[in-house]
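Student: Chain by chain, the residues run as shown.
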Amino acid sequence: EAQVTQNPRYLITVTGKKLTVTCSQNMNHEYMSWYRQDPGLGLRQIYYSMNVEVTDKGDVPEGYKVSRKEKRNFPLILESPSPNQTSLYFCASSLAGGSIVDHQPQHFGDGTRLSIL
Amino acid sequence: GENVEQHPSTLSVQEGDSAVIKCTYSDSASNYFPWYKQELGKGPQLIIDIRSNVGEKKDQRIAVTLNKTAKHFSLHITETQPEDSAVYFCAASYNNNDMRFGAGTRLTVKP
Numbered sequence: 002e003a004q005v006t007q008n009p010r011y012l013i014t015v016t017g018k019k020l021t022v023t024c025s026q027n028m029n030h031e032y033m034s035w036y037r038q039d040p041g042l043g044l045r046q047i048y049y050s051m052n053v054e055v056t057d058k059g060d061v062p063e064g065y066k067v068s069r070k071e072k073r074n075f076p077l078i079l080e081s082p083s084p085n086q087t088s089l090y091f092c093a094s095s096l097a098g099g100s101i102v103d104h105q106p107q108h109f110g111d112g113t114r115l116s117i118l
Numbered sequence: 002g003e004n005v006e007q008h009p010s011t012l013s014v015q016e017g018d019s020a021v022i023k024c025t026y027s028d029s030a031s032n033y034f035p036w037y038k039q040e041l042g043k044g045p046q047l048i049i050d051i052r053s054n055v056g057e058k059k060d061q062r063i064a065v066t067l068n069k070t071a072k073h074f075s076l077h078i079t080e081t082q083p084e085d086s087a088v089y090f091c092a093a094s095y096n097n098n099d100m101r102f103g104a105g106t107r108l109t110v111k112p
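Protein sequence lines correspond, in order, to chains A and B.
Take 2 as the starting number for the first sequence in this note's numbering and just add one per residue.
Take 2 as the starting number for the second sequence in this note's numbering and just add one per residue.
Treat the hints with care, as some may be off.
[What the hints assert, rightly or not] Covered stretches of chain A, going by a simulated chain B footprint (3 or more residues, C-beta under 8 Å): (1) 39-47; (2) 110-117.
[Said to hold, decoys possible] Here are the simulated lysine-lysine pairs, DSS-like style, with alpha carbons at most 30 Å apart: (3) A:18 to B:43; (4) A:58 to B:38; (5) B:38 to A:66; (6) B:72 to A:58; (7) B:43 to A:58; (8) B:43 to A:19; (9) A:58 to B:23.
The hints are simulated quantities; they were obtained by calculation from the structure and are not laboratory data.
Just so you know, even glycine gets a beta-carbon here, dropped at the ideal spot from N, CA and C.
Excised from the complex, chain B in its bound form (with noise of 0.2 Å):
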């Protein structure tokens, strides 16, 4: 089945700088990768998703990149605010039924 790594586990940036967080998957056959952002005590809102027939796709500060042939895939949010600490998963899946979630980073924006 499919594995999702996700690293760092944590990331601090200051205000204005630029955050990556980046997910490598196992499974040839995942054709959606979802990002999801997850603030304290509420569940995880998906914030930007790729389907494997594009290699990138962007909306305003945050875009994800993806590379098939290796097998990851990246986050990426620019000019970061405080209010974008929150903990981020990647997600890899073929279909609903099998998404696996990465561990998970937290991410902190100091101001």
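Isolated chain A (complex conformation) (with noise of 0.2 Å):
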């Protein structure tokens, strides 16, 4: 079944430990994003990847990082969390984008809650 996964699904932990949110798809999609849901807000990208080693950042990036070794796995890494990064978190991906006459829609994870107390 294509899918996009994410671990874990609820997670909650104290400011300043690390944590890592993984992200893995079996579609062999080139395009991944990390987006984050507060209510009210919609969804707002952090960080996204056009392939294997590309990564940029999106429009809240802060405090957070990403790494793309591998096609399949996008993580997304809080290297310090603090209580405003207390979430609701979507990986999503797609074939490749950034053409103006080839969007490919997004396939979305079920998503991540953190809350950092």
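Mind assembling these two chains? They're in different frames, but the hints should get you there.
Tutor: So this is what it looks like as structure tokens:
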């Protein structure tokens, strides 16, 4: 089954304790992205990756890191989490985007709810 | 950059009625407008999308219209059913790198 898998689904942790949220897709998609979802704000992009070893900042990258060593995986790293990073996080993937004539729909994981105390 | 506004934030309709959700965008360069449905505990799922070279697209009970001049697009759901209850997001982009989402509409369909 084609899917985007995030782990963990839920995490409660404390300020300053490094954490990683994993994201894996089995559709051989080039493009992957991380979003956070907060009430009244919709989905805001944190980081995205056009392909292996190519990553770039989205709208709200502060406090986050990513890596893209393999095509299928795109982990989100919080080196020193803070309470304002408490949110619902989504990973998404699609076939290569970036073309004005070839948008591809994004496929989302089921989300990771992070609580930073 | 692109800014997308979505209205209403909540919408309640009776089963069988129609529901309309509206979005406006700011960047005239945007040319791709997807709509996503998010059910409780799940990630957003694409339900329909439209590109700037067409004005309307329909798929069974759902349709999307686009007015490029006014920079707004709308989702229309006819003959609503309880399983249509969810949060709906519109989005606009020039390419996948800059997709901007609306704040969402919580649709409730009462049986």
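Student: Quick check: which numbered hints come out false for this structure?
Tutor: As far as the earlier hints go, not one is violated by this structure.
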